[in-house]
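Visitor: The primary structure of each chain is shown beneath.
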Amino acid sequence: MHNLAERLMDELNCNYIFTIPVLGGIGISESVVVTWIIMAFILLASIFLTHNLKVHNISKKQAFAEFLVNWLESLVGDMAGEKGKKYSLYLGTVLVYIAIANVIGIFGFKAPTKDLNVPAALAIMSIALVEGASIYEHGVKKWLHKFTEPIAIVTPINILEVFTRPLSLCMRLFGNVLGAFVIMELLKIVVPIGIPAVFCLYFDLFDGILQAYVFVFLTSLYIKEALE
Amino acid sequence: MNTLIAIGAGIAVFTGLGAGLGIGIATGKATEAVARQPEAEGKISKLLILGCALAEATAIYGFVIAILIIIMLNG
Amino acid sequence: MLKLDWNLLFTIINILLLLILVKVFLVKPIKNIIAQRQAEADEEKKKNAEEKAELDELKKDYDEKLKEIETLKYEKLQEVRLASEKEYNDIIDDANKKAKRITEDAETMAKVERERMLDKAQKEITGMIIDAASKVVASSSESDQNQDSRLYDRFIEKAGDEK
Numbered sequence: 289m290h291n292l293a294e295r296l297m298d299e300l301n302c303n304y305i306f307t308i309p310v311l312g313g314i315g316i317s318e319s320v321v322v323t324w325i326i327m328a329f330i331l332l333a334s335i336f337l338t339h340n341l342k343v344h345n346i347s348k349k350q351a352f353a354e355f356l357v358n359w360l361e362s363l364v365g366d367m368a369g370e371k372g373k374k375y376s377l378y379l380g381t382v383l384v385y386i387a388i389a390n391v392i393g394i395f396g397f398k399a400p401t402k403d404l405n406v407p408a409a410l411a412i413m414s415i416a417l418v419e420g421a422s423i424y425e426h427g428v429k430k431w432l433h434k435f436t437e438p439i440a441i442v443t444p445i446n447i448l449e450v451f452t453r454p455l456s457l458c459m460r461l462f463g464n465v466l467g468a469f470v471i472m473e474l475l476k477i478v479v480p481i482g483i484p485a486v487f488c489l490y491f492d493l494f495d496g497i498l499q500a501y502v503f504v505f506l507t508s509l510y511i512k513e514a515l516e
Numbered sequence: 045m046n047t048l049i050a051i052g053a054g055i056a057v058f059t060g061l062g063a064g065l066g067i068g069i070a071t072g073k074a075t076e077a078v079a080r081q082p083e084a085e086g087k088i089s090k091l092l093i094l095g096c097a098l099a100e101a102t103a104i105y106g107f108v109i110a111i112l113i114i115i116m117l118n119g
Numbered sequence: 101m102l103k104l105d106w107n108l109l110f111t112i113i114n115i116l117l118l119l120i121l122v123k124v125f126l127v128k129p130i131k132n133i134i135a136q137r138q139a140e141a142d143e144e145k146k147k148n149a150e151e152k153a154e155l156d157e158l159k160k161d162y163d164e165k166l167k168e169i170e171t172l173k174y175e176k177l178q179e180v181r182l183a184s185e186k187e188y189n190d191i192i193d194d195a196n197k198k199a200k201r202i203t204e205d206a207e208t209m210a211k212v213e214r215e216r217m218l219d220k221a222q223k224e225i226t227g228m229i230i231d232a233a234s235k236v237v238a239s240s241s242e243s244d245q246n247q248d249s250r251l252y253d254r255f256i257e258k259a260g261d262e263k
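Residue numbers (the working numbering), protein chains in the order written: chain A, 289 to 516; chain B, 45 to 119; chain C, 101 to 263.
One or more hints might be untrue.
Claimed, not checked - Covered by chain C, per the in silico footprint, the following chain A stretches (three or more residues, Cβ under 8 Å): (1) 318 to 325; (2) 381 to 395; (3) 407 to 416.
Said to hold, decoys possible - Some chain C residues flagged as far from chain A (calculated, every beta-carbon gap over 10 Å): (4) Lys103; (5) Asp105; (6) Pro129; (7) Glu140; (8) Asp142; (9) Leu182; (10) Ala206.
Hints listed in this document are in silico derivations from the structure and should not be mistaken for laboratory results. Note that the structure is a prediction, hence the values are computed from the model and not measured. For every residue, glycine included, the Cβ atom is placed at its ideal position computed from N, Cα and C.
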């Protein structure tokens with residue numbers, strides 16, 4: 289039993305792959321390396337899909353690429369509303385990144401979202417984008433004034449919301465992936481063959497993509513609210 | 045000490061109760077809505093999945109707290 | 101797993117880099133190609149519209165010409181009709197005049213004839229009356245005879261005038 293707990297802990301921990309020898313050694317963790325792999329994959333896929341583009345007589349590959357871009361744009365654009373359309377690049381990219389990061393566990397990598405740094409970074413970026421969009425849209429004065437709406441007494445709650453929102457975004461993503469991972473590990477120990485494949489379909493594929501969608505959906509909801 | 049940690053983690057996981065109730069109610073309402081308006085099934089199921097994912101979050105928070113209790117107090 | 105460190109910053113940089121990569125290598129080329137296709141479609145549309153305008157112009161021209169021809173035809177027809185009407189009227193007039201002259205001639209002749217007949221009758225009646233009167237008056241004075249004859253003449257004249 290103790291053995292199992294140790295193995296679980298070992299699986300959960302994100303180790304440093306290597307250390308940059310400045311400032312007393314900055315460890316580069318596994319999640320960052322896997323993120324590089326995901327970036328390389330997306331880059332290669334993009335280059336492959338956009339290779340040899342034509343205006344007429346398009347190939348199946350190009351049709352797929354065009355469909356993908358348009359579909360993603362309309363999906364996140366609809367969520368963010370009319371004014372939030374210009375943020376669809378960020379939302380779409382994050383959606384694809386989180387989706388790949390969540391399901392990459394299937395291929396033997398350690399999912400980056402399992403490291404608290406990655407969901408925290410995503411949540412911080414999202415809240416920065418939301419507040420930035422609000423300032424860009426309304427100006428600093430109106431942005432500050434928005435904290436006192438609808439009445440002045442809710443100002444502390446509104447300010448608190450700036451911190452709880454990214455915390456909730458981060459924890460939702462992190463907890464889901466971690467929970468799914470723990471359950472999968474336990475299942476693999478109890479029943480090594482057969483059953484884990486079915487649950488893997490739900491926890492890794494379905495839940496992973498769903499959480500990516502939820503993350504982007506909530507971010508776009510915040511953006512929509514901020515732009516009102 | 046270990047027993048207390050285990051009890052604390054178990055209590056934290058009780059948050060799953062709320063999530064289960066919430067998802068149950070949401071699914072029931074969704075079923076009613078589909079029965080009333082079968083043509084809106086696509087929209088309703090999309091909303092249901094989203095709602096479930098959001099309701100699940102409370103259970104996830106409980107789970108994270110449980111893990112935190114175990115790791116922080118054990119380590 | 102549960103600690104925040106430099107990797108958070110690295111992740112942010114990574115994702116920003118990913119955004120740029122996606123924009124440059126995926127979104128931009130695809131948007132470009134779609135914009136190109138859109139431009140081409142627009143051009144085609146414009147060309148089609150131009151062609152249509154040309155065709156419309158041609159049709160308008162044709163219509164105008166057709167209208168002109170129609171007007172010309174109408175005018176010519178009108179002219180011909182007017183001419184024929186005039187001719188017809190002339191003929192009718194001619195005939196009318198002729199008929200009138202004939203009628204007038206006949207009337208004059210009839211009048212002359214009647215006057216002559218009347219004159220003759222008057223003379224005869226006058227003679228008869230004078231005969232009768234002279235026979236009646238023969239017994240009376242011979243001197244009054246001339247005076248009476250004149251009296252009768254006047255009477256008859258008046259009667260003839262009244263007729």
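Visitor: Check each numbered hint from earlier against the structure, then list the numbers of those it violates in ascending order.
Guide: Violated hints (numbers, rising): 4, 5, 6 and 7; every other hint is consistent with the structure.
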